[in-house]
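Number of protein chains: 2
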Amino acid sequence: MATRAEVHQKNIQNIFYPESIAIVGTNKVKGTVPFDIVNNILKAEFNGVVFPVSPGERYIAGVKAYKYVTDIPDEVDLAILVFPSSVCHLALEQCGQKGIKSVIVISAGFKEVGGVGVEREKRIKQIAEKYDMSFIGPNCLGVINPDPKVRLNASFARRMPEDGSIGFLSQSGALCTAVLDYAYSRHIGFSKFVSFGNKADISEIDLLYYLRDDPRTKVILLYLEEVSDGKGLLEAAENVIRESGKPILVLKAGRTSKGAAAAASHTGSLAGSDEICDAGFEQAGMIRCDNLEEMFNKAIAFAYQPVPKSNRMAIITNAGGPGVLTTDAAIEGGLELADFSEETTKVLKKSLPKTANIKNPVDVIGDARADRYNVALSAAFKDDNVDSVCVILTPQSMTEIDLIAREVAKVSSHYDKPVFASFMGEADVAEGVDVLQRNRIPHYLLPESMARSLATVYQFKEYLKKKKKEVPALSDVDKEAAEKVLSEAKKEGRNYLPEAEAVKILQAYKLPVLKSKVAKNEEEAAQYAQEIGYPVVMKIMSDDVVHKSDIGGVVLNIENDQEAKDAYNSIMKKVKDHNPDAKIDGILVTQMVTSGEEVILGAKQDPSFKGVVMFGLGGIFVEVFKDVTFKVAPLSEDDAEKMLSEIRGSQILYGVRGQAPRDIAALKDAIVRLSKLVDDFPEIKELDINPMLVQEEGKGCYVADARILI
Amino acid sequence: MATRAEVHQKNIQNIFYPESIAIVGTNKVKGTVPFDIVNNILKAEFNGVVFPVSPGERYIAGVKAYKYVTDIPDEVDLAILVFPSSVCHLALEQCGQKGIKSVIVISAGFKEVGGVGVEREKRIKQIAEKYDMSFIGPNCLGVINPDPKVRLNASFARRMPEDGSIGFLSQSGALCTAVLDYAYSRHIGFSKFVSFGNKADISEIDLLYYLRDDPRTKVILLYLEEVSDGKGLLEAAENVIRESGKPILVLKAGRTSKGAAAAASHTGSLAGSDEICDAGFEQAGMIRCDNLEEMFNKAIAFAYQPVPKSNRMAIITNAGGPGVLTTDAAIEGGLELADFSEETTKVLKKSLPKTANIKNPVDVIGDARADRYNVALSAAFKDDNVDSVCVILTPQSMTEIDLIAREVAKVSSHYDKPVFASFMGEADVAEGVDVLQRNRIPHYLLPESMARSLATVYQFKEYLKKKKKEVPALSDVDKEAAEKVLSEAKKEGRNYLPEAEAVKILQAYKLPVLKSKVAKNEEEAAQYAQEIGYPVVMKIMSDDVVHKSDIGGVVLNIENDQEAKDAYNSIMKKVKDHNPDAKIDGILVTQMVTSGEEVILGAKQDPSFKGVVMFGLGGIFVEVFKDVTFKVAPLSEDDAEKMLSEIRGSQILYGVRGQAPRDIAALKDAIVRLSKLVDDFPEIKELDINPMLVQEEGKGCYVADARILI
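Line by line, the protein sequences are chains A and B. For the first sequence, position 14 (counting from the first letter as 1) is numbered 14 according to the numbering used here, and the numbering increases by one without interruption. For the second sequence, position 666 (counting from the first letter as 1) is numbered 666 according to the numbering used here, and the numbering increases by one without interruption.
Bound-form chain A, shown alone (with noise of 0.2 Å):
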């Protein structure tokens, strides 16, 4: 039987390209969402038959009305349904007995009300689920695919966007209609626009795997309110991304914790921490974005120009000071100012003014017309060691500004490099920024937000040249004794796990916890303190001696066989001394490791993210610097890595002050072992271990203290 992932991806594509419709629900007040679709979508022109369900009215809009979904004589390939939400579910039974698979819910009053609303989402998913059929929605904006094969607005937005190669994909319904808005002033196209709502059935998930196949789509745009199924999420991001090498661009609202509360009273879902959400999209490969006008700058750059060979830049300005600012933003991003070509020096410096400065960033000077910009143009384009332009301009009143836009678009059309303009100020300059724009020449009114989109391209083709990285199996974990310990704890209704039985786990999964074995005698000691390598510490097991150091029960420092010995006895005495009746359980031999650098490991459950792993300093660089980096587990070596190198004070692990470097390998191991542990246990609530120890290059790290909440 077919998943319903599966029935998803096979019933998205009537979504977006039906040849039928049937809007249920609808009526004939203009100016409400019921009315407006069947309007909206006859306005844009579809490209096929629109069948309007109303139980009151003979026609909506002068297009034939049914009282019944199940009365249309013809086959329906989508159903829109815009009933309230006290009826859709008898509205979307009638649309599985008509035999219709693809469903949107636009109607609200589900699960984001709460109470009856909850009941009321189930209930229209169990029906989706009984008839193999699949619903974007509830509580959603709609859809729009601006494909000129289709032409279909199913949706309450004023306006149809153009047609384009960027799919955007929004939880919030009402956010769309400021993007669009937004969008037709730029001429920024769309291949495919959804408003997903409350995801009760069709998720972002699935709509990203129909993006990676989609081949209108160049760039995926994502506005996420809450993260349900974090995990779910990264995992297709991944996929997607890797597979067909779009980027994934997502921007997230809740940043601080009443950022989080107001989120929470308006979607019926508490938002995870945020500092997990930005270490799994970047984990994931997706591009964070701060606003929305990053996200459309960066979308923009990504759709409309080739990606760039190598970081090496070159900007052409009539002004200096944007020009400095356009140069600390593009560095920042890690491009370079290209060394220009001793022909392209020897053009500049020919056909440029003397005034002007004709290294990078080229200084064309105030007073440039078209025709400067010309020569600094195809100079720069000309030369092999730039690899992308940037074009300033500001308005003086002899700048030819739209001789200067078309210049750009005719000077690069003949190029395989990208170019990107700022043509700064607003009505002046605006016949200029409409010819860049038709041009597909992304424009931007800073010219810092250009650098750093450029910069951002750069940075996503050097991601996708790295190999994805693989979650080592480890197959010599013992899964079955770390289940036996949790599930003892359990029976007995602890959540607390004492040093002894964490470490039990740790050492199932094979993390470097200390040796130690449990002497009977002073020649057991002797034995297992030489197996285990001196120097040990040795300390009495009982359950009747609380303050085991106090008494003498715990001896440090011992080097040798005879010092064991001396060391057992001298323990059992004055243990006896002490409690005469105290049960013993022998005397435990243990490594003693007391040098090597602290640091932290720990790992958590976050709501949205599932098992979640933290390392940092230890002790006054945790508690006083916070100096922790997370990551969303399971990890591969490389994601290791990069947590070592990620914290502020990651010098100290690699070796500072003439101090030899710390014992990298087995450390990354180590947080390798702990994020499948928690990966493989979601009952591990949190797990500490603080500290642990990381010695020299080559002699390993150890798990001093440890402890598990359940």
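Keep in mind the hints are simulated off the structure, nothing from the lab. Mixed in with the good hints, there may be bad ones.
Because identical chains share one entry, a pair is satisfied inside a single copy or across any pair of copies.
Below, simulated SDA-like cross-link-like pairs (lysine to any residue); rule was C-alpha separation at most 25 Å, straight line [what the hints assert, rightly or not]:
#1 Lys626 - Ser650
#2 Lys642 - Glu623
#3 Lys626 - Gly655
#4 Lys642 - Phe625
#5 Lys515 - Val593
#6 Lys349 - Gly114
#7 Lys28 - Ala370
#8 Lys626 - Lys642
#9 Lys346 - Glu112
#10 Lys30 - Gln13
#11 Lys479 - Asp550
#12 Lys346 - Gly109
#13 Lys539 - Lys583
#14 Lys43 - Glu426
#15 Lys539 - Gly658
#16 Lys565 - Gly586
#17 Lys626 - Glu646
#18 Lys30 - Lys354
#19 Lys30 - Met398
#20 Lys626 - Leu644
With the hints as your guide, set chain B onto chain A.
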């Protein structure tokens, strides 16, 4: 005699409010600066007389022209020079003879081109001084004063901006045209608009003081490409802000080193380190912006609306997502979501639909028309718990966009509470945005920018509340003693001062150096040790003994008189054994301090800001975490305290992990004294106290090692 600054303040008035202007060096070639300037002044309907001066023409743009400025029969208040730089000095000389005191030099070809240009700039400056003239420029776009009294567009910018209350000062001319165009489309008005170019005579400092006293200016904007007289700028800025309560928003190019190089190649001056810029601007109370958009976002917030009484704000939106984004940004900026009064809650509950969110942020839901906005706006403004209101709108098909804009204007007009708006989108919302802008309601494309701008206004209000911090006089420092040490080193041609000399200088400024004295016999050793207080260190003083410790020339941890005597004799014996001919200056008895938190205290001379003080935690914290902070000297106690609290690891000083807090008072005093020292002696190029050992509260701090470069 009046200072140049006093002369400037007198002459600036005629630059902005002339009744007659001579444009010197103009011609008839349209589209060139010399002609455009005349044309722009006439087109802007200048309220006064224009006298073109052109050696070869009888008239310019229909106005009678004169061969020389001295030929003009009337008095001339302002001369604008547009001659080539090679003859500007001749024209300026004639202006002097004519008795013109106020001049704008538009012409380029001065310091910015180097070589002969530098000489030309010096020459015109000398002429200005000779005649008590003042000029703006050279190499600038000119000056604009939209005040209806004068309507002066003495620039080659295309546009005369609207009249308003923003004073704009720019080092870049080209950027000005972009700014004017940007502002025009948003109905942003200016009180004064100045491109000051090379600022050879009148500087941004003079202009800041002018704007301080200009009753038409409410907000000051400053765009800088390099800071030449940083100290002067900071002093002026702080005075202007404190005395007038007007905020100064500053945008400075050159964040990265490559950026700084680009700036240098085109302004003929090196940009100072950006971190120091940041610190200095903040000390002076200036608000640094990252880009032009942010600058104007904040400028209109200050210019158009009253200051909020408190940080409690209300958000009204028809879309949940943007409400969350706004909340996030508001809280990050120190604002709070107001808790509504019972009355407000009652009204909202009664009048808004059930699906609406009646808590702050209020969500009137996507299908809201103007009536719901009216209800929410009225309730929020009326609520005493609310001191500012942010309105968000996304354009759904039923949204009454410009009606809602009118409601915002109408309701807010009855209250003295600031209101801000973000109508998201572009074309659809344009009419509504226009209504807002004409009503001087600050409007933002992004709701986050709206919240951040409001937060900035609130933060500035809080800043003004705090009293200006006084730099203490420190009458107990012995400047002469320090001077003596420095001049001796200079005399000997040394630029490195060893510890002993550095300590003498620090001691003169009462920095807490370790107590020490030179003993010549065992009695003195014991006596001095007692005076200093045990434990002490004793060390041989002899240039003939290099490795003092190796031969037993140093004894640590001396606890009493007997040990002091013994140590004296033992050291003497060992040194003599080692080298019987060694010349011995005595034995240094020094206070012994080994414990304490290590901090680093440094100072250097910055090319723009002169004396700069650095503070940070020592050892690994400075080496790996770069946990240091800078301020421009001299410092108040508050400044010093701020340095302590703004490093990331400040908790370590204030007590962490059960440790007692350190002696903050002593450390603050040391920082203040160090700042005075580098302020008094610009010849101290670098000074490092590393480490300084900070004891527990009340127990002081000590200079453990110090070095000075001159």
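Hints, verified against the model:
In the homo-oligomer, the alpha carbons of Lys626 and Ser650 lie at most 25 Å apart both inside one protomer (13 Å) and across protomers (12 Å), since each shortest distance falls under that limit. When the C-alpha separation of Lys642 and Glu623 is checked against a cutoff of 25 Å, the pair qualifies both within a copy, at 22 Å, and between copies, at 21 Å. When the C-alpha separation of Lys626 and Gly655 is checked against a cutoff of 25 Å, the pair qualifies both within a copy, at 21 Å, and between copies, at 16 Å. Taking identical chains as interchangeable, the C-alpha atoms of Lys642 and Phe625 lie at most 25 Å apart whether they share a chain (19 Å) or sit on different chains (18 Å).
In this assembly of identical chains, Lys515 and Val593 lie within 25 Å of each other by CA distance solely inside one copy; the values are 10 Å within and 42 Å between copies. In the homo-oligomer, the alpha carbons of Lys349 and Gly114 lie at most 25 Å apart only across protomers (17 Å), although the nearest pairing inside one protomer, at 70 Å, exceeds that limit. In this assembly of identical chains, Lys28 and Ala370 lie within 25 Å of each other by CA distance solely across copies; the values are 22 Å between and 55 Å within a copy. Taking the closest pair of Cα atoms, Lys626 and Lys642 come within 25 Å of each other both inside a single copy (17 Å) and across two copies (21 Å).
In this assembly of identical chains, Lys346 and Glu112 lie within 25 Å of each other by CA distance solely across copies; the values are 22 Å between and 66 Å within a copy. For a Cα distance limit of 25 Å, the shortest separation of Lys30 from Gln13 qualifies neither inside one copy, at 30 Å, nor across copies, at 61 Å. In this assembly of identical chains, Lys479 and Asp550 lie within 25 Å of each other by CA distance neither inside one copy nor across copies; the values are 38 Å within and 60 Å between. Taking the shortest alpha-carbon separations for Lys346 and Gly109, only the inter-copy value of 23 Å comes in at or below 25 Å, while the best intra-copy value is 69 Å.
Taking the shortest alpha-carbon separations for Lys539 and Lys583, only the intra-copy value of 14 Å comes in at or below 25 Å, while the best inter-copy value is 60 Å. Taking the shortest alpha-carbon separations for Lys43 and Glu426, only the inter-copy value of 21 Å comes in at or below 25 Å, while the best intra-copy value is 32 Å. For the identical chains of this complex, Lys539 and Gly658 are neighbours neither inside a copy (37 Å) nor across copies (29 Å), given an alpha-carbon limit of 25 Å. Taking CA atoms no more than 25 Å apart as the test, Lys565 paired with Gly586 passes inside one copy only; the shortest distance there is 13 Å, against 57 Å between copies.
In this assembly of identical chains, the alpha carbons of Lys626 and Glu646 lie at most 25 Å apart whether taken from the same copy (13 Å) or from different copies (15 Å). In this homomeric assembly, Lys30 and Lys354 come within 25 Å of each other (Cα to Cα) only across copies, at 23 Å, whereas the closest approach inside a single copy is 65 Å. When the C-alpha separation of Lys30 and Met398 is checked against a cutoff of 25 Å, the pair qualifies only between copies, where the shortest distance is 9 Å, while the shortest distance within a copy is 51 Å. For a Cα distance limit of 25 Å, the shortest separation of Lys626 from Leu644 qualifies both inside one copy, at 14 Å, and across copies, at 18 Å.
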